[in-house]
Amino acid sequence: MEDAKIVELFWSRSEEALTAAEEKYGRFCYKIAYGILANRQDCEECVNDTWMAAWNYIPPKKPAVLSAFLGKITRGFAIDTLRKKYAGKRPDMHMAELTDEVQDLNQSIEQMLDAGIRRQELTDTLNQFLRELPEQKRNIFIQRYWGMMSVKEIADKNHMTETAVKQVLFRSRNILRERLRKEGQWR
Amino acid sequence: MKRDKYTFLELMNDIDDELIDCAMNQEATPNKLFYHAGRKIACVAVILLAVFSCLFHSQVEAAISMLTTRIAQFWDVDKDLTPYTDVINTSQSKDGFTLTINEVILSENQLVIAADLESDYPEQLLEFPGYIMIDGKECLVPDVSYETNGAVMETEAGEGPDDGQTIITCTLEDGVIPRHAVKIGISLIACRNWEDAEKLWHLKTDLRDGDPVPEDIGTLFKFEFRASSEEMGKKAVSKELNQEISADGGWSIRLENITLNDIYSRITAELKNSTIAEEDFKSLAAMVPEFYLEGTDSLGNYVLYWLYSASSSDNCTWSAEFAAELRGDELPSTESEWIDLCLFTWKGMGEPDTEYETSGQEDTAYMDDKNVRNLETKVYLGEKFRIYLN
Numbered sequence: 040m041e042d043a044k045i046v047e048l049f050w051s052r053s054e055e056a057l058t059a060a061e062e063k064y065g066r067f068c069y070k071i072a073y074g075i076l077a078n079r080q081d082c083e084e085c086v087n088d089t090w091m092a093a094w095n096y097i098p099p100k101k102p103a104v105l106s107a108f109l110g111k112i113t114r115g116f117a118i119d120t121l122r123k124k125y126a127g128k129r130p131d132m133h134m135a136e137l138t139d140e141v142q143d144l145n146q147s148i149e150q151m152l153d154a155g156i157r158r159q160e161l162t163d164t165l166n167q168f169l170r171e172l173p174e175q176k177r178n179i180f181i182q183r184y185w186g187m188m189s190v191k192e193i194a195d196k197n198h199m200t201e202t203a204v205k206q207v208l209f210r211s212r213n214i215l216r217e218r219l220r221k222e223g224q225w226r
Numbered sequence: 450m451k452r453d454k455y456t457f458l459e460l461m462n463d464i465d466d467e468l469i470d471c472a473m474n475q476e477a478t479p480n481k482l483f484y485h486a487g488r489k490i491a492c493v494a495v496i497l498l499a500v501f502s503c504l505f506h507s508q509v510e511a512a513i514s515m516l517t518t519r520i521a522q523f524w525d526v527d528k529d530l531t532p533y534t535d536v537i538n539t540s541q542s543k544d545g546f547t548l549t550i551n552e553v554i555l556s557e558n559q560l561v562i563a564a565d566l567e568s569d570y571p572e573q574l575l576e577f578p579g580y581i582m583i584d585g586k587e588c589l590v591p592d593v594s595y596e597t598n599g600a601v602m603e604t605e606a607g608e609g610p611d612d613g614q615t616i617i618t619c620t621l622e623d624g625v626i627p628r629h630a631v632k633i634g635i636s637l638i639a640c641r642n643w644e645d646a647e648k649l650w651h652l653k654t655d656l657r658d659g660d661p662v663p664e665d666i667g668t669l670f671k672f673e674f675r676a677s678s679e680e681m682g683k684k685a686v687s688k689e690l691n692q693e694i695s696a697d698g699g700w701s702i703r704l705e706n707i708t709l710n711d712i713y714s715r716i717t718a719e720l721k722n723s724t725i726a727e728e729d730f731k732s733l734a735a736m737v738p739e740f741y742l743e744g745t746d747s748l749g750n751y752v753l754y755w756l757y758s759a760s761s762s763d764n765c766t767w768s769a770e771f772a773a774e775l776r777g778d779e780l781p782s783t784e785s786e787w788i789d790l791c792l793f794t795w796k797g798m799g800e801p802d803t804e805y806e807t808s809g810q811e812d813t814a815y816m817d818d819k820n821v822r823n824l825e826t827k828v829y830l831g832e833k834f835r836i837y838l839n
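Protein sequence lines, in the order shown, are assigned to chains P and D.
With positions in the first sequence counted from 1, the corresponding number in my numbering is that position plus 39.
With positions in the second sequence counted from 1, the corresponding number in my numbering is that position plus 449.
Don't take every hint at face value.
Facing chain P, according to a computed beta carbon distance under 8 Å, are these residues of chain D, among others [said to hold, decoys possible]:
{"no.": "1", "residue": "459"}
{"no.": "2", "residue": "462"}
{"no.": "3", "residue": "465"}
{"no.": "4", "residue": "470"}
{"no.": "5", "residue": "571"}
{"no.": "6", "residue": "574"}
{"no.": "7", "residue": "595"}
{"no.": "8", "residue": "646"}
Hints in this document: simulated from the structure, not taken from any laboratory.
Ideal Cβ placement from N, Cα and C applies to all residues, glycine included.
When you get a sec, could you build the whole thing from the sequences and use the hints?
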């Protein structure tokens, strides 16, 4: 079913919208949740919560890209679950690796927030940085840090070696970090 | 916004939907095949070169020696300093790394260094320390970008990782390399893995010429030679184009600039589609079809540029960069007078998919054809056009 039709069903408050969304994006959302939580039961809960949240958000919202809209909801729930589950502890291997990679970026962002920079400005910087990256590098960056895909999955998807993917991520993170640093200084 | 180890990952949730859609719904693109084919061609070329070098060793040596002597006389080069042409293709080995400088080119204000790093470390990386030495003075390079040809190579089962050639582009201030010959020193640092490179990155702002690189982080290589900006810029062409091309499907391309050297070529352009309404543009901004520019140069070389990057602008256009690289055997010659090109895409590209593959076994759209040149699914969009280089 077309995305526009599913959104229309949400707007007309038809429960068929939930079935259609689950049918089309259930696996997509589950995969995102699994990339974060790596636990079947937790993932199923997040995905179920996604449909309920979508039901509450649409209307008034009218998402242009339904996959991203639903994926963002799932991702938000999954990160919240992870926070509660591993409060004060080190998350499991896959997420630990991922959070270690972005440790410096966390620090840069926190410094910018401390300097009074608003979240929306940070988002604008992030979007601008992503748009300026060559397409393949941008996709790899998003697959890793939005889609939470493993380096191996990204390498397979892009027909690259895992080493090459790590290099692209490393270089891209450095560019972003440098950019955040410069913006922070400018402020 | 909560502040913990998930801060950045949480911020990533706010990025634009169409960027997510594009990345998560990405299909395998055929241009990797060029690198795959290019690698094989490069291997054959290296073997042939090695065979010829062995067969005609004495003649090759004599010719190089004569050439370098003449250059040295012409530029009044110090006897103990390598001339520019001699540093190309030289190797240094240290700490299990072998580093070969393939090219050093000055293209306008960009110093492009192409180098091959070899070692037994599967995750090796080549880093630039952030400065070059010009006539004994340290010149900081604030803007450096890296490209790894191998980054888009597919590794066959059973093969070790192949990281290919690293291309480091340093943006210099105008006139940093003078017109007269000066002593130039280029340092490069080989790291065993990206964790070491990460440590180096933190050090880089403090590193200066002569500073030792900590042994546990990387190995420093230094290449010194004597050259002028004119000499280093001989292998580079840069030209403003300002050409407007109309193509089928409502597309138009305004070619802005071309840069060409022996390593790569880029064409910057502005893409526009008259059939896309202004209100629809934002949602389609990340959906530029996979365009190619294909043709021949005046010397008869096959030329192919692929869409390297495209970002949407406020006026409903995309700022695009088309790229061609030596490794793909698709680069025009710097000696050619013109290039004839035609825009094409391949059937199925640009048609938005509605279904996500989430099994983890995707990439079924991977092309069977060994060479995109002969793809049957090519769709040409409009007539050939000519770009004059000289």
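Verification of the supplied hints:
{"no.": "1", "hint": "459", "result": "holds (6 Å)"}
{"no.": "2", "hint": "462", "result": "holds (5 Å)"}
{"no.": "3", "hint": "465", "result": "holds (5 Å)"}
{"no.": "4", "hint": "470", "result": "holds (5 Å)"}
{"no.": "5", "hint": "571", "result": "holds (6 Å)"}
{"no.": "6", "hint": "574", "result": "holds (6 Å)"}
{"no.": "7", "hint": "595", "result": "holds (5 Å)"}
{"no.": "8", "hint": "646", "result": "holds (6 Å)"}
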